[in-house]
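J.: Residues per chain, in single letters:
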Amino acid sequence: MRKNRHFLTGILLLVTIGLHAQTTVVTGKVTDMTGTPVPAATIRIKGGKGGTSADFQGSFTLKCSPNATLIISGIGYETREVRVTSGTVNVSLNTDSKSLSEVVVTGVGIATSKKKLGISVESVTADKLPPAPTASIDQALVGKIPGAQISSISGNPGDPVNIMLRGVNTLNGGTKPLIMVDGLQISATDINSLDLSNIERVEVVQGAASASLYGAQGANGVIQIFTKKGKRGGTAINFSSSYASNSYINSGHVKKAELNAWKTDASGNFVSTGGTPVSFDQYGDLNGLSYEYGGPTRYGILNKLNTDSHPYGTNLKYYDHFKQVFQTGNTYNNILSISGASDRFDFNVSAANNHTLTPVLKAGYLDRSNLSANLGVELFKGFHLRSTTQLIYTKNTITPGLGGPGGFGYGQGNSLGNNGNVFSFLNTSPFFDLNYKLADGTHPAYQVASFVSINAFNPYYTKEYANGIDNKIDVVQSFDADYKVNRFVEFDAKYGINYRNENSRWTYANQSGNLNAAYQYDYAGEFAPDLNGEIDNWQYNTTFQNFIGSAFFRTDFQNDFHSRLPITTATQVAFDYRKNKYTEYDSYGLGLAMAPPIDIVHTATQAAAQDDVVTFITYGYLVNQTIDFGSWGGLAGGFRSDFSSAFGEGSKAFTFPHVNGYILPSSFGFWSNGRISNILSTFKLRAAYGEAGIQPGPFDRYPTISGGDLGTHQAYSLPVVNHNPFLNVEVSKEFEAGTDLTIPVNTQGSIFTAVNVSFTYWHKKSEKVIYTVNQPLSTGASGLLDNAFDLHSQGYQFQVNTPVVQTRNFTWNFTTNWGHQISMIDKVEGGQPIPVGPIDGNSLYVYLVPGYRIGQLYGYKTIHSFDQTFQDGKTKYFPNGNNGGQYTMVEGNVVDTGTMAIQFTAEKYPLGNTDPKFNAAFINEFSFKNFLSFSFQFDWIYGSHIYDETKEWMYRDGIDGDFAKTVNIAGKVGAFTAYRASAYYALWGSTHGAGNEAPKDYFLYPASFLRLRNAAAAIDFAQLYHIKGVKRLQLVLSGRNLWTKTKYPGMDPEISSLTPNSSYTRGVDNSSIPNLKSYQASVNVGF
Amino acid sequence: MSKNKIYYFILFLAIFATASCKKQLQVGDPNDPTLPGNVTDETGLMALAQGGVYINGFANGDGWLGNSYFSLPRAYLELMADNIGADASNNQITTVGYPDYFIKDDGTKVINGSPSVAILRGYNVLGGSGNNPLFFQWQNMYALNAACNEILRVAPLIKLSGDGATRLKTIQAWCYWWKGYAYSQIGTMYYSGLIQDDPYNKTNNHYLPKDSILAQSNYYLNLCSTTLSAINNSADYSTVVGELIPDFCQVGNGGVLTTTMWQHNINTLLARNIMLNKLAPFVNGDPAATITKSSMSAMSSGDWNNVLTLATNGIQSGDYVFTGRSIATNGFFTASTGNVGAETTGPNISATFKIGVRYLANFKPGDQRFTQNFATYSTYNNPFYGTPYNILDSLDQSTTGVYVLGNKQVGQYEVIIAGSLEENLLMLAEANIRLGNIDAGLAFVDQERTLQGAGVAAVSGTGLTLAQAMKELTMERRAALIFRGLAFYDARRWGWTYDIGVGGGQYGQMLYNTDGSYDTNVTVNYNFMDYWDIPADETQLNPPGTGSSPILNPNY
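Protein chains in written order, with the working numbering: chain A, 1 to 1087; chain B, 1 to 556.
Hints are supplied without guarantee of correctness; some may be wrong.
Cβ pair distances, simulated, as ranges [claimed, not checked]:
no.	chain 1	residue 1	chain 2	residue 2	range
1	A	Thr712	B	Pro543	40 to 48 Å
2	B	Gly242	A	Lys362	20 to 28 Å
3	B	Lys202	A	Lys876	41 to 49 Å
4	A	Tyr909	B	Tyr377	20 to 28 Å
5	A	Asp560	B	Pro30	35 to 43 Å
6	A	Leu391	B	Tyr377	52 to 60 Å
7	B	Pro30	A	Leu391	28 to 36 Å
8	B	Gly162	A	Leu391	19 to 27 Å
Keep in mind that the hints were calculated from the coordinates and are not lab data.
Here the structure is a predicted model, which is why all the values come from computation and not from measurement.
For every residue, glycine included, the Cβ atom is placed at its ideal position computed from N, Cα and C.
Input sequences plus hints: build the corresponding full structure.
T.: What follows is the structure, encoded as C-alpha cells:
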C-alpha cells in the first residue's frame, strides 16, 4: 500500500513538473547493490546532448528535460536506463557478471574495464577462492589463473608454492613474481602469511608485455592482492570457524618391500652365515644379517641367486616407516570480521587465527594470527585517505630437521623448512622399528645392520633431541592519499612499509648420554663438532618501503571539448621508490649442560655464524598514455626508467618501453546489428609489446673478498666466483596477442546461453641473464658472475567460461583454464655448456646448454633395444644382438642374463624436461536457490616428469617396494634383487661401483596427474529458514587434494624438493614432503 | 590547504625524491671486505696472507666428503695406496682404489668390471667435480698459487711496521714456500701442469710436462730459502710468522719456525720432489724389479745421493713443521670429518673410510702403534676392502707415547701438511739402503719407530739383506706415513700400482673374507694411472696451446 502511495505521488509530481517547466535540475546518487557509491559513474541523457559524471560519493547534479531518460553506466556495472520522475534520481546498478566488464588496475595504471585492455589481466574474486585449510592465498590460487603454473610443491606447513607465470626470465632470480597488496609491493612478508579471508580480489599480469609498468622488477609478472573494504548497508559481523584433518598423499602407494632376500633357517628365522639368529645389540643395531647368497656384504644384493621371497614376521618384523613418520595432523581456523561504511568513512576490521599441527611425527605446530584493519575517510571533497594495516604473528614450533623454519637465509622467505631428517628413514631397513627404545628409554640415532641401513638416521631421535621455536612478526602497513582535484586531474600518493622480524631458535640437547649416538658418533646438530649439543639463534629482520606518487590527467573530448570524437585519454606520470633492508644475525653456543639452565650463556663456547646487512634500493619514473576511441578500440604506450643499486654501476638508468592496443570489432554497428553478432556477440583483438626486468642480486655487482677468522686472527680469502662490477639488469622483451570473445549459443534459453573465451599467445626473449660462467681453475677462481645467457620462452593460455545452467533456482557455472609454456637457452657466454649441480646433494646435474630447454636433467639412458647406438649414431652397444642369449628383454629393458643387470648407455643424454606440456583446471560451481551451493575443481597437469630420487635411494639397499615384484628373466621367474638393484648400481658394463646413484632415466617417471583439488558443499540455514537478524548461518564441508589419478610411482606427482621457485632445478622428488589431503568442516555466521 | 599548496607540495616532493636518491644507490656490500678497501695496510695484508693459504688452499671447494684438502683429496691417495677402503658411492671413493683384479689364495681371479683408469677418465668432464677425483688437488693447489700471486703483488705496495724490509721478505718467503708446495703437489700428481705466476692471475695455455712443474717447485723452494737466508731481524720475522700460522696450529709439532727450521722443511720437500717422482721398484720382494712402461724414469745413484744430501739437511728433531689442527669454531677444517684420519676413525660400519687389513699387515707383532690404535669391535664386510678393524678414537699421544692415527676430538689430531721428521728419517733410511749403507739406513728406521713409540726391536745391525731391509723400510714407511699425502706416490714408485704386465703388482697380500677367515697370499693387480690427466674443468675452458704437453697421460 505504501509503495502505491509513493507511486501516485511520483506520477503527480511528474505531471506537475511537466506542466510548469521545460528543464529541471535533477540530483541523484549512484550506488551498487550493497549501497556503496559508484564513483565516476557516467550519466547521459538519452537522445539528447550533455551529461555528467558522478563524484566519489556517487552524487551528481544534471539539468535535463523533466521526462528525460538517463543512461547511467559505471565501469564494472551493467548500464541502466532510468526515467526522470522527480528531482531526485537514486539509481542502484547491478555488477556486470560478464567477465569482460570487470575492472582491473594491475598493469594498466588507471582502473580500466577489461573490455578496454590491450594486455591480458587475469582476476579472481574472493568468492572463487577455495577455503584451503592453510588459509593462504598462494594455495588458493592454484589452478585459478589460466596459463600460470602454480604448484604446491611441499606439504610441510608454512612452505611456499612454486609460481611460474610465463616461462623463465632469469636463472638466478627464480620465477617468483612481484607481489603487491593494494597497489604497493610487499617484499618482506611471505605471500602465505596473508589472511585469505581478508582478500577481496586478486589480479595477475603474467609477463613483460603486461608488467612493463613495473620496470626493472616486472619481468616475472605481478600478482596483486586487494584487501576487503567496509561496505555500506549497516555494520556487518561475520564469524567463521573450521576444523580440518590432514594426512599426506601417497598416490603412488610408496612403501618398503615386505619380502626380503636375507638368509633364513628352516623355521624362517633370520640367521648369520654361521646359522646364528640375528640379534639387536645394546646400541639398537642389528648384527649377523646376511644375504642368502653372497654373504654379509653390500654387493650381495647383486648376487643373481637372491630373490625377495622371504616374509618378515619371525625374529625380524616388518615396520611401515611411512606410517610411523607420516601421521595425521589437523588445522583450526577461526575468523571474526566487522565492517561497515557511512558517507565519508568505511572500515573493515578482522582477526583470524590458523593453527596447524604437522603430520610429520606431530612434531610441532604452525600458528598464525592476522589482525587486519582497512580504514577509509574522505577528509574533504575529492580528498581521500586510506590506511590498510595487517599485523601478523606467526609461531612455529616444528622441530628443525622435521620441517621447522630457520637456517641460513631463511628470513628472506621462499625457503622450505628444514626437513633434512624427515626422510632419513629412507635407507632404514624395514626390520628396524623407528620407535625402538634403548635400555634407558631413548631412541637410537643410527639404526644400522652392518652393510645395510648405512645412510639411516632416525627421525624419532631428531624429535627427541631437537626442538625449535620460531617467532615472526609481520607488519604490512600502507597509506594512500588520493586527491581528485577535478575531472581532469588526480593526484595519488601511496606509501607502504612492510616489516618482518623473525627469530628462530634451535636447541639440540646434549646427546653424549645416548648409547647409540656416542658409539656411532652420529648425532643431531647444526654447528656442533661433537655430541654435546648446541643452541642456534637465527635472527632475521626485513624492512621494505615502497612509495609511489602518481599524477593522472583524464580528458573526455565529447564532454570536455565538445568534440564529436568519442575520445577519452588518460595520462599517468609516476615516481616509484623502493628500499629493502635485510639483516641476519646467526649465532650459536656449543656444549650444553645436562641439566637446566639450558641457554647460550651456559654453553661451553659461543660464536657468530653470520652478521649481514643487505640493502637494496631502486626507483623509477613512469609515463603512460592511454587513448580510447569510444568502445571501438584504444592504444596505450609509455616507458619506465629505473635506477638501481644493483645494476648499471648504481647510476645508469635502464628504460623499459611498452605499447599495447585493442580493437573491438563487435562494437561497430555493422557487427552488433549484423548477423555476425549471432555467431560472435563480443569479439576483441589485442596486442602488446613490453620490456621489463629482473634485478640482479643486491650485491652481485660488488667484487669482494671473503672475511672471517682463523682462531682469533682475521683471515681474508680470494673469492671462488668473481663478480662483474658492470653487471646489468636482466631484460625480458615480450610480445603478446590475444582475443576475448563471446559466442552466443542459446541466448533465449537457460542452458548454455553463451561461451566466453579468452586466449593469449606470448613470446619473449630474455637477454643479459645473469649466471656464473666457469673459469679455468688455474686462475684461482672457478667462475665469473656475469650477464651471460640469452633465453627465449613462448606459450599460450586460454580460459573458457560458460554458464551451463541459469534458472531462477539453479545455476551451474563452468570454467576451464589452460596454459602451455616452454623456455629455451639461446646463447651462453663463451659457448660452454654450464653443468649445474649436484642439484640434489647427490649426483643429479642439470646442464644449461644452448639450443636446449632450461632445466634438462642429464644422465644415462636405459637401453630398450638391441639397436641402441652410441651418440655417433653408428657404434652399436650390441653388435651381435642378443649375443646368443646373453641378453634378453625384461620389462622393456635390455638385461644381461649373466648378471641380471639392466644395461645403460655409457654416455650421458639430456633426459628430458620435467616441466609439463600443459596445465589445466576445470572448475564447476553449482548453486540451488540461495542456500545450497556445491563446487569442485580438478587440476590436470599433463606431460610433466619427475626424477624419483626418493625411490632411487630405496633401491640402494633393495628396500623399495619394487623389489618384491617378480620378473621373468630368460625363463626364470622371481623377484631378483640383482635385476632391480642394477638400476642403482650398474653402469658401463660394471655391476657395481661406477654407477652407484648415477642419474639414470630409469628413475625419471611421467608425472602427469589429474587431481580433485577442491570440493565443497555448503548449506546456509539462515537463508533456508529465513532466520531473522542472521544474514548467514552456513555449514561448509570441503576437501582438498582428495583424489589423484597418476602413473607416477612416488607419493605425490606435484612435489619438488629443490629450491622453491627455482628457474632451472625443478621436478626432482628427493625426499620431498607430499601435499596434504584434507577434510574440512566450517561454520560461517554473519549478522 | 588550497589547491595551489598541494601542487607545490607535490612538485617539491618530486624534486626532492629525484635529487636525494642517486647517492643512495651506492650501497656497497658491507658484509665482506674488498681488496681495495681492506688489503691496504699490514693488518689486511696479514689477513690475506693467512686466509689465502689456509682457506683458498686447503678449505675452499672441499665440502664433499669432509671439508678440507686433507679429507677427500688426501683420501684418494690413501685409497689408491690400499691403506683404506670405502663402501659409499660418493665421489668414486669405492672405485678409484679398486684393483683391476685380484687372485685369491684358492686361485679365484676376481675381476673388476669398472677399472680405476676408466672411472677416472669417464668422470673427467666439465663440472663433474663431485665424481671427478682429478678435480680436487688441481683446484686447491691453483687456488693456493693464485692467492700467493695476489699476496706477492700487493705486499710491496703496503707500508709495513717495524723492520718493514724484514717483514716484506718474510711474507714473500711465505708465498714462495706455498707456491713451491703447490707446484710440488701438482707436479707429483698430474702428467702436465701450468706455470701460472701472473701477478693478476691471468692464466695461460702452455701446458708443461710434470718435470717442468717440479722444476718450478724447486725454483720457488730455493727462492724461499735464499729469501730466508737474507733475513737477520729475527724479532720482526718471528712476529710475522707467528701471525701467518694460525695460533691454534702452533701446538705439538707446529709452531713459529726459525729461518733455519724452515730451510730444513724446504730441503725435505726438495728431496721429496726427487724421490716421489722417480721409480725405485720393489715388486714381489725384488729390490731390482723394473717397470717397463711408466711416466717416470728410475732413480739413479746420483738421485739417491741428492736425496741423501737434502734429507741430511732436512727436518731435524725439534724442528717445527707445517701442521693443521681443528678448533671448535673458526677453523679451516672440522675435528670429525676434516681429515682422512678422522674419517677413518670410529666404528668401521659408520666411518667413511675403513682401515685396511693390507695396511695393518705392515705393523710387526707387538708394535704398540697397532696395539693402542686398533680394536675389532665391529666388522665391515667387502669382497676386497673387508676388515674387522677400527681405529679407536680419543687416543692421546702425550700420555701413551704412541703415535695416534686418527682422532675426532677437537684440536687433538695433528695434520701434517708438508714434510715431517718421520718422512725425513725414512728418506734418509731409503737413500742409505739404496746406496748400500743398509745398517745406516735401518738405523733411521729404528730411530723413526722409536719416535712414534712403536716399541719393536731394532733392525739395524741384525744383518738384513737389501731385500729384507727394503721390506722393513716399505713396511715402516707405509705404517708411519699414513694420511700424510704420500702413500699413493710410494706405492707408485715402488711399482705396486703398475699393471702386472709391465712388472708391477702386489704379491702375498692379505684379504679378509666375509666368513671371518683370511687369505694371506693374494696377488693384486691395481693398474692405476701413474700420473693423472688434467681435469676437464681446466682443459675445456683453457684448451692447450700448440706445443703443450699432453693433457691426458699418454701411457694409458
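J.: Hint by hint, note whether the structure agrees.
T.: Checked hints:
no. : hint                              : verdict
1   : Thr712(A) / Pro543(B): 40 to 48 Å : holds, 45 Å
2   : Gly242(B) / Lys362(A): 20 to 28 Å : violated, 55 Å
3   : Lys202(B) / Lys876(A): 41 to 49 Å : holds, 46 Å
4   : Tyr909(A) / Tyr377(B): 20 to 28 Å : violated, 46 Å
5   : Asp560(A) / Pro30(B): 35 to 43 Å  : violated, 54 Å
6   : Leu391(A) / Tyr377(B): 52 to 60 Å : holds, 58 Å
7   : Pro30(B) / Leu391(A): 28 to 36 Å  : holds, 30 Å
8   : Gly162(B) / Leu391(A): 19 to 27 Å : violated, 59 Å
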